[in-house]
Amino acid sequence: MRKGVRYQRWFTPWVLVIPALAWLLVFNLWPSVNTVILSFTNARPIGGGSFVGLKNFETLLHDEQLRYALLNSVIYMVVCLPFLTIFPLLLAVLVEKKLPGITFFRTAFYTPVVASAVVVALIWQWILDDRGLVNGLAEKLGVISGPLPFLSDQWLLLLSAISLTIWKGLGYYMIIYLAALGNVGRELHEAAAVDGASPLRRFIHVTIPGVRGTMVLISILISVSALRVFSELFILSGGKGGPGGRDNSVVMLIQQYSQGFEGNLGYASALSIVLFFVTVVPMLVLARLNRKAADA
Amino acid sequence: MRSRRLIPVAALAVAAITLAGCGLGSSDDTSSDSKPTVDANTKVTGEVSLQTWALKPKFTSYVEGVVKAFEAKYPGTKVTWLDQPGDGYDKKVLSQASAGQLPDVVNLPPDFALPLAKQNLLLDVAAADPKLSEEYVEGGIQAYQYQGQNGTFGYPWYLNTDIDYWNSAKFTAVGLDAKNPPKTFDELLAAAKVMHDKSGGKEYLMSRLPGIGDFTNAGVKVLSDDGKTFTFNTPEAVALLEKYRAAYQAGYLPRDILTQEYLGNSKLFTQGKVAWTTGGGNAIQDFQKDNPSLKGKVVASPALDTPPLYVQGLSVSAKTKNQAAAIALARFVTNAENQAAFAKIVNIFPSTKASGGDPYFSKSDGTPESDAKVLAFASLAKAKSLQPAVISGATNDFINQQISLAIAGKVTSKAALDAAVAKANQLLTQ
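Chains A and E, in that order, are what the protein sequence lines are.
Residue 117 in numbering that gives the first Met the number 0 sits at position 118 of the first sequence, with consecutive numbering throughout.
Residue 280 in numbering that gives the first Met the number 0 sits at position 281 of the second sequence, with consecutive numbering throughout.
Everything labelled a hint here was simulated from the structure, so no lab data went into it.
Small disclaimer: the values here were computed from a predicted structure and weren't measured.
Be aware that one or more of the hints could be misleading.
Claimed, not checked - Simulated restraints, written as ranges between beta carbons of each label pair:
1) V279(A) with A421(E): 26 to 36 angstroms
2) A421(E) with I207(A): 49 to 59 angstroms
3) K362(E) with P30(A): 20 to 30 angstroms
4) F275(A) with A414(E): 31 to 41 angstroms
As the list claims (entries may be wrong) - From the derived model, a few chain A residues whose C-beta atoms are all more than 12 angstroms from chain E:
5) T11
6) V14
7) A116
8) Q124
9) L136
10) L147
11) A179
12) E189
13) R200
14) Y266
Said to hold, decoys possible - Taking lysine to aspartate or glutamate and the EDC-like style, the derived pairs with C-alpha atoms no more than 20 angstroms apart in a straight line are:
15) K201(E) with E138(A)
16) K266(E) with E63(A)
17) K272(E) with E138(A)
18) K201(E) with D62(A)
19) K413(E) with E63(A)
20) K272(E) with D129(A)
21) K318(E) with E137(E)
22) K266(E) with E186(A)
23) K409(E) with D62(A)
24) K352(E) with E137(E)
25) K201(E) with E63(A)
26) K272(E) with D128(A)
27) K67(E) with D82(E)
28) K296(E) with D285(E)
29) K409(E) with E63(A)
30) K409(E) with D152(A)
We treat Cβ as the ideally placed atom computed from N, Cα and C, and that holds for glycine.
Excised from the complex, chain A in its bound form:
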């Protein structure tokens, strides 16, 4: 009897783990390993390919399109990071208050999050078009003499996409901050108020330290999604990556290279590896900064 129990103890965990392990190996680990393998080949969607060593990575070094894509990704991250870390927090502090009708504002701020990225980007395309709402209104008001090239200028297009991301992300991160604010002890605020701290000082010295962990988490999420941006730039640029493809993101480049019968899967895989490292760096930096701040 005791032997039987011991026997079951030995294999029962494995039986329970095997489905999850198989899933992990087949759908998580293998695609990643396969991407690494493919990056050393000139594989096509059909007909396979052959081992080309580091050729794809050498080509990457001279790829002007990649340079623009990386620059765009970094600009995206640098602009989105402060905006989407700070403004949702301010928004959360505002809508946290229990006032009549505040639910309406919470819902209104959250609405863009619910809408599909594709739908939102299409709406923005109509708004920012040469004959769209913004240009039409501005021209009627006499603010501008000719339409601003929101969708046909390299930098304005990037800025438009960033604005869209910020607009759409505000509500999402606001909700996360709302949950975090609930954990900041009310007694701390009350004690600070008794000590004569102004609302601004209470925000800086009580609220921010209370949600610091959440801020780091949000910063990491923003960095990762900014570096992997796709739908906003894809749709606003009509899938073309802006004039001359200079508004491509790395993900758009991967998509362009891998699509179709003649898709270059090897090069697209090499690009994916570059994207992986580019994404990991800010995550590590932010995590390290957080650890240092926590130790201090």
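Mind docking chain E on chain A? Use the hints.
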């Protein structure tokens, strides 16, 4: 300790590189699977599959009728008809080809068929069917013959071309005559200037960037004779780009064409935002259906220069287990009788020589729709494939990006064309 940690990483790297070396087939495989093992006289029987592209539900009864007629003509055969949705058809075919599960007979345009032919996944139908060149128009057959590939890799099914459409109301408003529209590219540019100037910069005539087809039309040799290098960075191509660039800088083209897809041209025309577009013989019906206010305002005329030739065809999988039935089915679906019947319900044009004399295509009933159809059919006689099938999606994207840069004035036309040719050659040889 550190070296111990490195062992699994090194093992993984070695395994990955080893797998990379041995796990992938060589692209230089030269086996001749494309040659048929049966001829046209082999008895036709057994099961065969047919894959079409977005014909359900609009043409279900037509295809089912053709299938039934085939089964009746060849007793003992059974056709399984598969219809794939319009979006993502290339991806579907790609996954079927990679999995070795291509249907026996499959609808593939020439640019889809080329990569499959290169991998010996399609049958050389001309080798099994000596009457091919007698029965189908030359342009249709040529579309399935590729430089460097020996054979014909599809039966031409139906054809189409583009003609020009003009918005007569916009023409009249600026003092132009839509019944006497531009006939050359230079006349088009001149009319674009008039439309821009007379409307105070509010109206546009042209709304598309030049593409490879425009280079071909301008007399530029796009590809070398051996099909191994691109050659479109010539002074003629530079001159064409310069004309577009000057027109763009002068405001004769909408700015957002730099980021619009090619179809932006007809979308803007349908929305009444531009006065010229190109489209097939039946496009006039779509314009008027999508924007009824265009009714009576659309005037058709022949395409500028050489009209483009668009071909659809049926290819036979080299891996089919029933070559005789597959070849017979592809031939049956594309025969003159079935093509003519199809063309009458879908507004495309048959690719068989026998259909050329059908008055349905060559005589108008006087309506603008019928006039456009007859005009397009007449244009087919001199239509040519203006873009080589070797231009892949990625190559096309890069070329268009460079053209955009040149038009926007970010780089010189010569530099853009040189960069486009260099990249296209690199992608061609990969």
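Worksheet item: Checking against the hints above, which ones are violated?
Response: 3, 8, 10, 14, 16, 18, 21, 22 and 25
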